[in-house]
Every structure is written in C-alpha cells, then in structure tokens.
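Need the complex rebuilt from these two chains, each delivered in its own frame; the hints are there to steer you.
As you go down the protein sequences, you meet chains P and V in turn. Numbering-wise (the numbering used here), the first sequence opens with residue 230 and increments by one. Numbering-wise (the numbering used here), the second sequence opens with residue 64 and increments by one.
Hint data in this document are derived by calculation from the structure and do not stem from the laboratory. Backbone N, C-alpha and C fix where the C-beta goes; we use that ideal spot for every residue, glycine too. Treat the hints with care, since some could be wrong.
[To be verified] Beta-carbon label-pair distances, calculated as ranges:
hint: 1; chain 1: P; residue 1: A289; chain 2: V; residue 2: A325; range: 41 to 49 Å
hint: 2; chain 1: P; residue 1: A310; chain 2: V; residue 2: G140; range: 39 to 47 Å
hint: 3; chain 1: V; residue 1: A325; chain 2: P; residue 2: V268; range: 44 to 52 Å
[Unchecked claim] Restricting the straight-line Cα-Cα distance to at most 27 Å, the calculated cross-link-like pairs of lysine-lysine (DSS-like) are:
hint: 4; chain 1: P; residue 1: K303; chain 2: V; residue 2: K205
hint: 5; chain 1: P; residue 1: K298; chain 2: V; residue 2: K205
hint: 6; chain 1: V; residue 1: K143; chain 2: V; residue 2: K205
[What the hints assert, rightly or not] Quick look at which bits of chain V chain P covers, simulated, 3 or more residues with Cβ under 8 Å:
hint: 7; stretch: 139-147
hint: 8; stretch: 196-210
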Amino acid sequence: MTVYDRLADLLARSFGLQRDEIEPDYTFAELELDSLALVELTLAAQDEFSVALSEDDLGAESTIAQAAKVIEAKVVEATAAA
Amino acid sequence: MTSARTPSVRTPSVRTRFDAAITGIGLVTAAGGSTAATWERLLAAEGTLCGPVPDLAPIPADLGCAVTGFDPVAAVGRRKAWRLDRSSQLALAAAAEALADAGLDPAGWQGARVGVVLGSGIGGAGTWERQHRVLLDQGPEKVSSLLIPMLAINMSAGYIAMEYGAQGPNFVTSTACASGTTAVGAARELLRSGACDVVITGGTEACLVPSIISGFSQMGALSRRRDEPARSSRPFDVDRDGFVPAEGAAVLVLERADDARARGARVHAHVSGYGASADAHNATAPDPDGRGAELAVRAALLDAGIAPDAVDHVNAHGTSTPLNDVAEARLIRRVLGARPAVTSVKGVLGHALGAAGAIEAAVTALSLEHQVIPPTANLDSPDPQIDVDLVRKAPRTGRVDVALSNSFGFGGQNAALVLTRA
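Chain V extracted, bound-state conformation (with noise of 0.2 Å):
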C-alpha cells in the first residue's frame, strides 16, 4: 500500500567537487598598473596608498586609494579611451594583462564559448556626475550620447567582450562590496554547466566622485584619519575608524582544470567553492555575529567538498570599519577554528567596492601560489575583541592549500569563494 503522503526523504546533494583553474590574472591597483607591482606593495605592507583626492574636498572623508599614473590611452588605446568610463578603462587594462597572463590568443578562439563576468558596484559614477552637471547648467541638449554607454555598470563586460570577440554569455553582477566576488563565483558555474570553456571574470569601480564619496562620508563608514593617510585602512586594529574608498579592478581568466592541464597552461590556483547568502538584516549594517555571512562560507564549504578545520588561509573583507572586522573576525572563529592565518589587503590597497572581492581572489590565489600571505598593513595594536590568528608585520611563509575570501556587501549581501592550490 503506497501512502498518499510520500514522506520526504532528504538526500544529501553530492556532487564532485568542480576546479575552475585560474590561468590568467590582471590587476590594477592603487599599487599600479600590474599585478606584480600589486602583489610587491601587498607583501611589503608599508601603509595605505592613499591621500586626498583634490575633487573630493571638502568633504570631511576625502582620502582615496587612486590609480595614480593610469594612462587610458596606452591601456585602451586613443581611439577609445575618450568614450570609455574610467572603470571600463581600468576593467579593460586589467583584460589585457590577464589574457596575457593566461596565454590565451582571442584571435584564435571560439568566441561563442567565452564568456564575461564582471562585478561592480556602482557604474559609471564620474561620467554621471560630469554629465548631470552639464544637465543643470547647459540643458538636456548639451547632455552627451555616450552617457548611457558610459554610465551603464553592464558596459564594462560588454566591452571586454567587444575588445576580443568574446561571444558567450555577458553580464554583470552587483551586490555592492561582494560584486567582484560574486562574478568570479557564477563565473564559474558557466563552467561547471558547460555554457563556457573560458569566462573572463573580475570586478571593476572607479567612484571616487564627490556625490558618491559624500554619500559613504556621510554614512559614517569612512576613515577621517586625514592627517595620517597611510595609517587610515587598518583593519583589525583596534584604532580603526572607517574603510578607504579605492578604484581598481582585477580580471581572472578561469577555464575548467582539466582544460587548463590539457593545454599545458599555468594554474595560479583553483576556485573550487562558491557560496551566497544574505543577512536580512539591515541595509547597512552587518549582523554582529555574522550569522548571514556565515550560510555563505558554509556555503562555499560545502560546495568545495572540505571541512571547515582545513581551511589554512583567510583573505578577509575586513574593511577596517569598527562593525564588520568584529562580526567577520566572530565568524571565522566560530565557524573556522583558530587555525587559519588571516589577513586583509585593504590595509594596503583601500576598499575597491564592487572591484575588492575580485582583487582578493587574485591575491589569494598568489598566496597559494607562492606559498606567502601578505600581512595586514597598520595592525599595530589588535582589537582586543578579535581572537583569530592575524597576519601582521611581515609576510607569513608555510604551507596554504585551502583558502577563504570573503565579500559582504551592504545590503547584506554575502558571497565566498574557496580556493585551492593548483
């Protein structure tokens, strides 16, 4: 007799784990236009690269982490570089290096299976800025035809995709500060799934305007430590008072691991978890434990198939806000164990927003690469609330096979990747 009321039974989903190698890796940082000249300023920690930014004044939060010395026209060439927002300059830059990095010929691929996943957070901030204030003092008929394109946060995929024919599936993810992290993570399920042989991943921002930085400013999220710019971004330290706005941005090349060994490419390191969540909690605020951010390591965890004591590494948000390195610093006590070395990069670099989780999962997989977790710069003194083993002075050297980064966006949007060693 069969019962009308089937009872559920709850299998567990297993599934292989799933390796997305990352083959190529770009980045344009407040440290410069390369990913090595990022990683050499990461490991030597000397403080936050930042300083007034002269159009921010006078806004009581006016320190940036800027690209300095970016040359649009030697990154993107002069016949595009007029019509591009900067953050689709940076995004395009930061192509460039990653596809050379992975060595990959665009000339020679299957343009339908490549696909763009780019997250950023807030768009073309400078372009909107610029053009409604041509809106207010000229009228809608001085208003340029290259806002949209210029100002739509989608564009930046749109042009990698048009820079190299790239054909597959194009989008952009946002989910504020866990943009990038996002991206790199439905990246790649567009592998896993088979929709895409390569994904071109990674997150851009370039928002240091006035009416943007204001708004953070007046919040009350960010470092007013003006006189002292490099010792503003210092996360875990007990004497920190609000993150450092940044732009940059970072692009991965991922493929499947097998694609990647099949052609004999060089694999920095895997991604080999994903997990979202959402607080459901406040638009700003983190919950105080982390218990929202924790589903998304779990998560991410559990998808990568390895148990929370085997984690080695954490590239922590910590955004040097007083809210979030506490509640984040909770979690991975309670959910990690004592075990892992964690560490912060935005001490050094600022808070590139929707570009940070991209630019972290790039110096996360340098880390396993290289076997060195850069420390977190200006953690003089710990908060005395915080009990997780700190990266902090110097750069620690030993053995990192399994590595958090962790991205929470307001909104209370979370997302976290589990990376592995190639």
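Isolated chain P, as found in the complex (with noise of 0.2 Å):
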C-alpha cells in the first residue's frame, strides 16, 4: 500500500472523511480540516508512519499527495539511516 492510501485511510479512520472524498489534489484545507484537525492528523501521522513530522510538513494549503511525498522521504531517509 502506497503512502498515499495510507494516508487517505487514516483522513477516512479517523478524522470524518469518507474514502471517496479524499483527492490526491486536494488540499487540507479544501477537505475542511483547521489548524487544530492538522495538529491532530500530524500525531496520527507520525503513529502511523513511525516518522517524526513537525506541523509545517501537513500545512493546510499542502496537497494530500504533496503530504504523502513528504512523508514518503522521511520514511526513506528514516529506512537509510537505520
């Protein structure tokens, strides 16, 4: 499974999305989430990933995909590193 679907999986779990309203292009913000929904998908995110994520890696204006590839090169350096 790609970082992407597990991302739209956890927005689908955990946060009140529903799978099909979820768009690689669509922003956090277009998906209604606020600051705090971000603070909270960040938390969730770094669980998921086992990454550590700072705010500014799920900005509200980012993409899912644009999230998904920044998390994606995190899990890769954290993979190389270890």
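Structural data, given as structure tokens:
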C-alpha cells in the first residue's frame, strides 16, 4: 500500500472523511481540516508512519499527494539511517 | 423637618408574573435518544435503566445509566463527531430534537437574539481522563490539541451556537446537580430582561468514567446494589442506598409566552418562577431539614406569584440517597403541605448530575401538558420518615396546573423552578 493510500485511509478512519471524497490534489483546507485538526493529523501520522513530522509538513495548503511525498521522503530517510 | 435618618420603608417587590414558554423539548437519556422514548419509559417505570459499566470495574459501585445505542456520527455528523466530547455530542443531539420540536428554523432567525444557556457539572471527563493517560504514558507532545475544546465545560453551549448561528449570550452554569435547573432559570431571565427572544437551554453530562465515579463511590454516595441493577435507584424507598450515576442531555427551547402565542407555536408548559439559594452548611451533606433548599423553593414561588398551597405536583430532586430524600420530603411537607403529588424520575433514569435538572424540567413540562405524573420506580416501601403524597406503582392522571421542579447540588447549591400549564 502506498503512503498516499495509507494517509487517505487515516483521514477516513479518524477524521470524519469518507474515502471517496479524498483526492490527491485536494488541499487539507479544501477538506475543511482546520489548524487543530492538522495538529491531530500530524500526531496520528507520526504514529502511522513512525517518523517525526512537524506541523509545517502537513500544512493547510498542501495537497494530500504533496503531504504523502513529504512523509515518503522521511520514511526513506529513516529506513536508510537504520 | 427632615430626619437625617430616613426610615427604611420595605416595599415588597411587585412585578407581574413572567411566563417563558417551553416550545421545544429534546431528550437523550438512558431511556433512548428522544423525548418520546424517555416519556414512555418513565410512565412504564419498570426499573432503573442501568447496569454495570465495563469501564468502571473494579469500582464497588460500578452501576451507571448509560445512553446506549447513541451513534455520534448519526447525531452530529461524521465531520464533527470525532472532535467533540460525548457531553457535547449528547447536547447537540438534544438540541436538534428540541429545535425541530419548536418548529423554529435557525436559517431564518436573527442569531444575535438567540442565546444558549446549558448546565453541566463536570465537563468533558472522558476526554480528560484519556488525555491524562496519554500525558503519563507518552508525554506532553502526544496530548491532543483538542483536549481543551473537548474538556472545557462551556464548550457544549459553544458548539450549539456554532451549529445554529446563535450569537446571543452563551454560557454554561455549573451548580453541581442543580446545574440544569440553574440554566433554565438563567435562560428565562434573558427573555425577561429582553436580552434574547429565544434561548436554547438545558443541560448535559457524560462522566461515567473511572476517576469521576471512583470519587462518588468513595464518598459513599452511590448505590451498590449491583446484584439487582434494575432495583438500584429507589427514591424515597426505605431500602434506598445511594444514587445511580447517569449520562444524558436535555434541551428546552424557551420563548416569551406572548411571542410563542403570536407565532402560533405549540407550548408544552410555561416556566413561571425560578429561585436559587445556598445551604451554607456542608460540602456534600444537605441541611437535614432542607432549610437552605426551602429558600430556593420559596423564592421560586414568590417569583411566580403562586401560593405554596396551589402546587399540584413536585418533580423532586429525589436522588435515592438516604440524606437527600428525607430532607427534601420534610421541606415539601413543611412548605407545600400534603397536597402535591411527588415523584422522582431518578428511579428510572438515574441521576444525570448537571443534566438532571434540565431533564426533570422537561419531564415536568410533559406532565403539565399531558396531565399525567409518572410514578417513582422501585418505590416498594416508602420510608416511614417520609410523609408526602408519593406517586408510585402507576402513573397518576389528574389535574396538574402548577408544578415545582427541585434540584439540590453538592456545595449546597439549590435551584427550583415553578412550571405552569400553558
């Protein structure tokens, strides 16, 4: 499963969205996730992907696909370091 | 010649009676997610709607009247459900029913004239407990950013405002087990003063969580009749051994009686008087003769301009604790005489703490509307110390024009409402 799919599943599972309303080029703002929701998403994504994320990594104006790329890069970095 | 010392002339404050019309009712209780479900189970009064709450083991008093089958997503929508504490979810569900019942369309109202006043005793206890565990186990950086908006006791009223664009005065009253009654009284004042044209009022509570229930259990306040849960809450019965904690929410829509009449609204009943007082006696034990509570009852009657001997019915605080029920019965007998028919809905619904007064105000309104008083469940052998006309075994039908709804909170905080037939 790709990072994008796992991120979309996480949004559907814990943030009141339906899987079919999540598209790669939607921004978090377009999905009506406000600043506190993004803090929560950052915490949940850290657990889901076992990487450290800052609040800037999942910004309101970043798309789901962009966020997935940021996470993916961190996952690769963490794997290489291990 | 004028005296330097002006004699004090005490003019009794005379004001015309102010009726706030209850035009909408919403209830979410252990009996179900609607007013109709709650009323039906109250009239049947088959027993306490409770059982051991799994999360509460191994507390010796682990009984609770939980709202079972409540679906937060269905009640408040999936976009909101995940970020609201249960106490706010229950309040929003009750508000939705109450506004539909009132026939008011929030899209068409002038939001600045609509207030929200809820009562709550504890706040988002479940959230607090879960996040405190996160803090201890994983550290502060893992604590939810939603902790404060989920925990804070004022948030249920805030979320109702957001949902319906109610931009008038918005607050939560917290007077322990009297909170819901205090809220309804304060809501009526907002109508009387002219600050609001509509007030969404009531109460909410969801604290069947280990820390809170352990605290009540350690006080010896709770029933330990866990072998017979259906018989555990037994107000005024000689074998009562404490209250059974409950969760729930009630919302009432109040409007000035004239306004309600003008728009042709169906009115369940009027809130015609409100009184409040403090025992100034003890943190948790009531004044044994209910002398502090008497002040609230008398103030409510005075506010309504109704004589004590005109009260037909008392929807009692009736918690099923040894101390409350005797003190309250003495107060009723002393102030109102032998006439009123007395009941407590806590035999069926348990004690929903900060929501209880609002639930009971709603039920009292239904008694005035339908001219039926639900019986007190489990009242098999009335305590011989109690000398009032208790409604038991079956609903009582008969003329009910004036009713009193009492609530007495820890801290000695007392509140009473006089409701009248519309």
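Consistency of the hints with the structure:
| no. | hint | in the structure |
| --- | --- | --- |
| 1 | P/A289 <-> V/A325: 41 to 49 Å | holds (46 Å) |
| 2 | P/A310 <-> V/G140: 39 to 47 Å | holds (42 Å) |
| 3 | V/A325 <-> P/V268: 44 to 52 Å | holds (48 Å) |
| 4 | P/K303 <-> V/K205 | holds (19 Å) |
| 5 | P/K298 <-> V/K205 | holds (23 Å) |
| 6 | V/K143 <-> V/K205 | holds (21 Å) |
| 7 | 139-147 | holds (count 7) |
| 8 | 196-210 | holds (count 4) |
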